[in-house]
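Visitor: If you want the building blocks of each chain, they are given just below.
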Amino acid sequence: MTDPTSIGELEFVVLLVVSSLADDAYGAEIRREVSARTGRDYSTGAIYASLQRLEDKGFLASHESEPLPVRGGRARRYFTLSTAGRSALRRATAAKRRFWEVLSLAPRRGA
Amino acid sequence: MSSRAPRIASEILRGVVGAHPCGSAIVGDLVEEFARRQDTTSGAAARRWYWREVTRTIVAIIPAVRLDARAAARALGVVVVAYTLAIQLSNGASFVLDYRMAVIIAPIMVFGALAGAASTRAVPGARALGALMLLLLAMVVGAAHVASSSPAEIWFRAAKVACFVLGIGGGAACALAVRSRSSEAALKERRG
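Chains A and B, in that order, give the protein sequences. Just so you know, our numbering puts 35 at position 35 of the first sequence, and the rest follows in order with no gaps. Just so you know, our numbering puts 1133 at position 133 of the second sequence, and the rest follows in order with no gaps.
These are calculated hints, taken from the structure and not from any lab test. These numbers were taken from a predicted model, which means no experiment stands behind them. Careful, some of the hints might be misleading.
[As the list claims (entries may be wrong)] If we take Cβ atoms under 8 Å as the criterion, some of the chain B residues that face chain A in the derived model are: (1) C1022; (2) G1028; (3) R1056.
Just so it is clear, CB atoms sit at the ideal spot from N, CA and C, and this is done for glycine as well.
Model the full assembly from the supplied sequences, consistent with the hints where possible.
Guide: Next up, the structure:
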């Protein structure tokens, strides 16, 4: 069974980007940043699917801006990291670090 | 000079992501990015990007769309009833017209189009979703129908299925376009 507090690779990157963008973390900006940092062209739908999963897990909170003319009168949805999200990010970072430590201690092939 | 995002693509996108909690924000993001790209690239490149992004977004967002049990049952009911009625009426017309391909195409497409238009009412707030469900159903059942036919009539059946699917797509597109115009007119009236 999947751990409801675990996060996938894209979710990890999205959390990092939301954290770094601070007050400017809305869908289009998050997509641009994630694509620029990973070198992969993620679709808006893929980013929102991740954002929704993270919000359902309680790692993100969101609020809407005022409607903007440049968006055809639609509002932006801004995302912020919750306390649980910060903890999840720290746990995921620590797990990755431990993994790299194990790899660096493992004897190299042919050595 | 800036122009609006492609209308049909926008309407299809709205019709699918309407059932997602962030539906309006997703459409807004794409419209905003389209405007940005129009300023930095050509209008044609921005339009190409928009169509591609709408397609990719729909593919990515459909698994994340959640309907409650009642809405899902309603959607499934409308789609299955529309499909069954269209198939039965098409078969009846084929029987009356003595299964001659040249004349049975019209009723197949007409009943397909009516089913396509009806399917846009399957999911309130996400009108294209019902049409996509009906298209999927028609393609899956149609493929099984063609696969089970004898070599002599395989092309006849394939042509009938293709006409039916085209009819569904056309009917749904017309219904979405009509809905788009009426909602735009209502918006103008509110503004004016």
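Visitor: Could you run down the list of hints and mark each one as holding or not?
Guide: Evaluation of the provided hints:
For C1022(B), the suggested interface contact is upheld, since its CB lies about 5 Å from the closest CB of chain A, less than 8 Å. At its closest, the beta carbon of G1028(B) sits 3 Å from a beta carbon of chain A; the interface hint therefore holds under the 8 Å criterion. Checking R1056(B) against chain A: minimum C-beta separation of about 4 Å stays under 8 Å; hint holds.
Comparing the model with each earlier hint shows no violations; every hint is respected.
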